[in-house]
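Sequences are here, hints too, so could you generate the full structure?
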Amino acid sequence: MRRFDYAAPTQTFEACALLADRGEEACALAGGTDLIIQMRERGRAVPLVVSLRNLADLKGISQNDDGSLTIGAMATGGEVTDSCLVRDHALFISEGAELLGSIQIRNRGTLGGNVGNAAPSADAAPPLVAAGACASIVGAKGTREAAVGDLMTGPGQLALGPGELIQSFTVPALPAHTGTRYVRHVPRLEMDIAVVGIAALITLEDDLETIKDASVVLSAVAPTWPHARTAEEVLKGQPVSEKLLAHAGEAAAEDSRPISDVRASAGYRRMMVDVYTRRAAATAIERAKAAS
Amino acid sequence: MDYPLQLTVNGVGVKRIIEPQVRLLDLLREDLGLTGAKEGCGTGDCGACTVLIDGSPQHSCLTLAVEAEGAAVTTVEGLASDEKLNAVQSAFVAAGATQCGICTPGFVVMASAYLRDNPTPTDHELRMGIAGNLCRCTGYETIVTALHSVIDGKVELIDVAPEPQELAPEPEGEL
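Chains as they are written, first to last, in the working numbering: chain A, -11 to 280; chain B, 1073 to 1247.
Just so you know, not all the hints are guaranteed correct.
As the list claims (entries may be wrong) - Straight-line C-alpha distance at most 20 Å; calculated EDC-like pairs for lysine to aspartate or glutamate: (1) A/Lys129 x A/Asp45; (2) A/Lys224 x A/Glu242; (3) A/Lys47 x B/Glu1141; (4) A/Lys224 x A/Glu274; (5) A/Lys224 x A/Asp194; (6) A/Lys47 x B/Asp1126.
Claimed, not checked - If you anchor each label on the Cβ, the simulated ranges turn out as follows: (7) B/Gln1078 x A/Gly120: 37 to 47 Å; (8) B/Cys1172 x A/Arg176: 19 to 29 Å; (9) A/Pro175 x B/Cys1172: 20 to 30 Å.
Rather than coming from a laboratory, the hints here were simulated on the basis of the structure.
Ideal placement from N, C-alpha and C gives every residue a C-beta, glycine not left out.
Structural data, given as structure tokens:
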């Protein structure tokens, strides 16, 4: 690894100032499970590493008075996986986090890092997008809010200004009769990267038979984590049936923009979007009924 | 620029002035001479470098030593008590759960932490618990057998060798 300077400030404004000051030369270090590899294996030069480990306001998971849930950007994959607050609030956020690497990786890697690394195949980020989570972004000029779904602009690209850091994610209270599911297709159960990932959030009407609202977000089949808008429209307002889920799967496959790479061909990915959208939506519906 | 670092390793206080690019694995192996943790892949895939940081199993190859400031680090060398190997170590010995041995310290540290937190896992849960550790000899069956004997409480703790072997003297001159 090339030599670099290191700072571990205890105040968020200091971290922002250091990052703003050094611009492209500086990079924030959360868990390091991506950054250290980029610096060692891929020769990425980072003259200044700014560690976020001492920033207390980036840590923790807490419920807010309005029923929303705030997850600190430095919450580790393991903390998000195991948190009863997260599991009770939106199970698929926990399910996505549980798929990050191995136990060892989840004990270092963070939710903020999974979003911040901006990999199209991220597992923990798509459920945040599907749940309509907002990122609280802190910078030299203060704090602003941005939808997690608007943050990623392309592979490895985030809509963050110089010196801006993700402080936390706030997941709104989900309506009654809502169920969620994150599921991915991988050749191996653990330590693998998604070929296709689907985050589904379904809200049922009081009759528990009709879909009131649906959110379907795709992983690893587009440059970002997009909503499958056509599939969502197919589902909304319709009574639950096998046929409906099949239509939604086909629509999601059309919505996806996969590439062919070492993990799978674009055609195979599109077929798997269809299959996994059906499965994710079916489980989300079951959970919405079970929770009611 | 060098950074001051204080942490404990296997209960012993360590103070160093180090460069930030030194990984925890480098500090353990090259500075402290604790060569139990191994560098397998160096990218967090194989788990051979697993150590406990404040009790939590993590990759020492992906952790900068400066990031372990103030932490209590436990390596495989620190798992045994003064008299006895721990249950996982003893079970590995009894079951012969080792082939070339490179992955063994990582498996032992990971499994010790996993079974501490999940004393009665199912077979599937157990296998997922050690899924972040690779054995290039593919010796998984004896490893899983050894861990089941821990879960079933059938392990007799093995004595630590009473006389520690003396280390060979440092070779003279350049290697």
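Now for the hints, and whether the structure bears them out:
1. A/Lys129 x A/Asp45: The given pair, whose Cα atoms are some 17 Å apart, holds under the 20 Å limit.
2. A/Lys224 x A/Glu242: 17 Å, holds
3. A/Lys47 x B/Glu1141: With Cα atoms ~17 Å apart, A/Lys47 and B/Glu1141 stay inside 20 Å; holds.
4. A/Lys224 x A/Glu274: 16 Å, holds
5. A/Lys224 x A/Asp194: Roughly 14 Å separates the two Cα atoms, so the pair holds.
6. A/Lys47 x B/Asp1126: 17 Å, holds
7. B/Gln1078 x A/Gly120: 37 to 47 Å: At 44 Å between Cβs, range holds.
8. B/Cys1172 x A/Arg176: 19 to 29 Å: Holds, since B/Cys1172 and A/Arg176 (Cβ atoms, about 23 Å apart) stay within the stated range.
9. A/Pro175 x B/Cys1172: 20 to 30 Å: 26 Å, holds
The structure agrees with every numbered hint stated previously.
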